[in-house]
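Generate coordinates for the entire structure from the input sequences, incorporating the hints supplied.
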Amino acid sequence: MPRTESDVRWVDEPRLGFWEQLYIPAMLDGLKTTIGHIFRPQVRTEQYPEQEPKLPGNYRGVHRLNRDEEGRVKCVACYMCATACPAHCIDIVAAPAPTEWQKDGREKYPETFVIDELRCIYCGMCEEACPVDAIELTTLYDLTGLSREQMVFDKEKLLSVFDQTTKAGTDPVRTRSGRLSVASETPPG
Amino acid sequence: MPTVYVNDKPVEIGTRKLNCVQAADLAGVFVPHYCWHEALTVVASCRMCLVEVGELKDGKLTMQPKVVPGCQTPVKDGTVVVTGEYAKRHPALPALPYDPGYTKGGQPGERAKKAQADTLEGLLINHPLDCPVCDKAGECKLQDFSFKYGRSESRMVDAKNTPPNKPHLSSKITLFTDRCIMCTRCVRFTREVSGTSELMVTNRGHHEEIDVFPGRPLENKLAGNVVELCPVGALGSKDFLYKQRVWYLKTTDGVCSRCATGCSTAVDHNKDIVYRVNARPNPEAQGHFICDDGRYGYHFANSTERITRPLLRADGATRPAPWSAVTPRLREAFDRAAAENPAGVVAVLSPFLTVEEAFLYATYFKGLSADVRLALGPVPVVGQDDTYPKDVRGNPVEPVRFTIRAEKCPNRRGVEAVLRHFQKDIVPFDAAAREGVAAMWFAGGYPDRDAVGADTGTDWKTPGLLVAQDLFPTVVTAAAGFVLPATSAFEKDGTFVNHAGLAQTFPRAVRPPVEVRTELQLAYDLLGRRGLVQAGAVRAELARAVPAFAGLAAADRPATGVRFALEMA
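Chains A and B, in that order, give the protein sequences.
Take the first sequence: its position 42, counting from 1, is numbered 42 in our numbering, and each next residue is one higher.
Take the second sequence: its position 318, counting from 1, is numbered 507 in our numbering, and each next residue is one higher.
It cannot be assumed that every hint is accurate.
What the hints assert, rightly or not - Cβ-Cβ distance ranges computed for the label pairs, FRET-style:
#1 T4(A) with V232(B): 45 to 53 Å
#2 Y122(A) with A276(B): 39 to 47 Å
#3 D7(A) with E201(B): 33 to 41 Å
FYI, nobody ran anything at the bench for these hints, they're computed from the structure.
Where is the CB? At the ideal position from N, CA and C, for every residue including glycine.
Take a look at the structure:
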């Protein structure tokens, strides 16, 4: 639909009055917060790394690839995450699923699944795009490596993040509060 | 002139015999359909093209009370077609005089719209929601139409039918049985176009399935077309299965280089790798379909065995060399050879070159000396022309709907036309090979390396100076002092002339490997011209120089897939 002049609403910058032009009330307002902190009793400094912070469950840290009940990779290699990824850091090679998986309706699986954790911007779009809740961002944030290659996580590494976080009980908050989409359900009968 | 009204818009159909879908298309209105295909018979089984139809006669409009399938309903003068998109028609169009008795049961278009939505709901009853793992997702008509014409939710509460997949259907094709919507396009294709009738429908009602007879798999040279015909993801190509998601693919118009039919193709590629070749309908060249030789015959371009950089032979071994060193040496060597014995210099131009490349090469070699001879490279011929349809025993049946030519090269006529412009008689390659010439430039580009070996024969005499340009190592490159890489038809911009003299211009789809220079660029460099070559400029030069190709200069050629019959001398 073409835009007409009537669709455009012009917004003017609010005019500054006398007090606003002085900037003194605004400065005093800021100082009030600063000085208030001096007299507040609790100490806010966290003693990292001796004391590790407790992060909220929806924190977006290192990715993990979830496993299904039988320990297989849950990912169906649909490339939704790779398509949604604004940093193009996900690289998947899909293949027909092994024959024994096919009785459960698994037709396609990722032969390789690689995330370049250095290229990733941790936006969580992959998690949001995933139709089977196979990729999730965990609360692991202290990601270190000695080379760029070490920071390129392959399928095994991403699955080990799943094992690690499940064991530690730091499962991320589910994207759809635990309810999976239709594609992840096993077919009836 | 017979006039048909589509959503109140008058369109003149002339003398053509059209159905409602085609007439609506003329008016710029798309009527969704699954089972109907221009090249196949009408069965009207999918019920997606339901439209409202009436007749305008003497200013009185009589509408039929029920919706009818548009694909099965012919239009004539005064036919009124109302589609589900009636509400989106241009507001300035004057409305036709719909009978109040008709509009009482719903405004025009409402019946069709509801019928289409109901049809889609029916089709989706047993269709699995496995779009994430389906290769068709992104180009699926069921997805597109559900989005555009369907409901957002399914009211189906019962368990869906989940018949088992049939990977045994064919060596190249697999059937995801549960995704099928029974449009029977594939069945009709094997009955009408390939004639081999391998596919059939078994069972009835919502237990209907596509199947083959046990022990009679879908194996014919046109079988790949059923995958392309399938509007949903039921039939999948094993060659392309799970290789790429279709939204990553970029499509470029191409011309198939695997036989002299010169089928128009759509080349799907991503990151300079060709992943799929589909048919591009072109009534002038081949119609709607392509054969499996062309469809699956793109792998040579992605092969790791290709020659990917210029090689110089010294003391029996080849060493890679940069183009900056090779090109001056080539020029120097041929300048000397042409000065010593011009009649002993032969340039072999293969029928895999485009006419532009052949023209620039011929210009260069004839520029060295008028006595330099031009030869046509080996023309691979395999068996006989293979025509379809066939009967169940494999015998051809008239009328022919598709021909796979025995001549397995795309541009023999084009290269011949160029060569004839420069010299009266074309030197056959095998004669030149046996004669033992002083210097030879062999511009190959054969996707099938055996094609060269078959023509050189056993009594091939290696020329003193041999430059071999080819895709793969062959008997000729094994003897050559200079081994140069060639480009495949996907990697160049040019024109092929098919068996019937139809010249089709196509753009480059993918970039060649980094160290590969196209034949056109190399010929341009040899001619001493500077900078990057523009195929369009060479084409214009060719059209000016060679009268047979004058038609290539026309600026008003259709933008996609140039079609004009080339007048051959």
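Status of each hint after checking the structure:
1. Checking the proposed 45 to 53 Å range against T4(A) and V232(B) shows it holds: the Cβ atoms sit about 48 Å from each other.
2. Between Y122(A) and A276(B) the C-beta distance comes to about 45 Å, which sits within the given range of 39 to 47 Å.
3. One distance hint, 33 to 41 Å for the beta-carbon pair D7(A) and E201(B), holds here, with the actual separation near 39 Å.
Violated hints for the displayed structure: none, as all numbered hints are satisfied.
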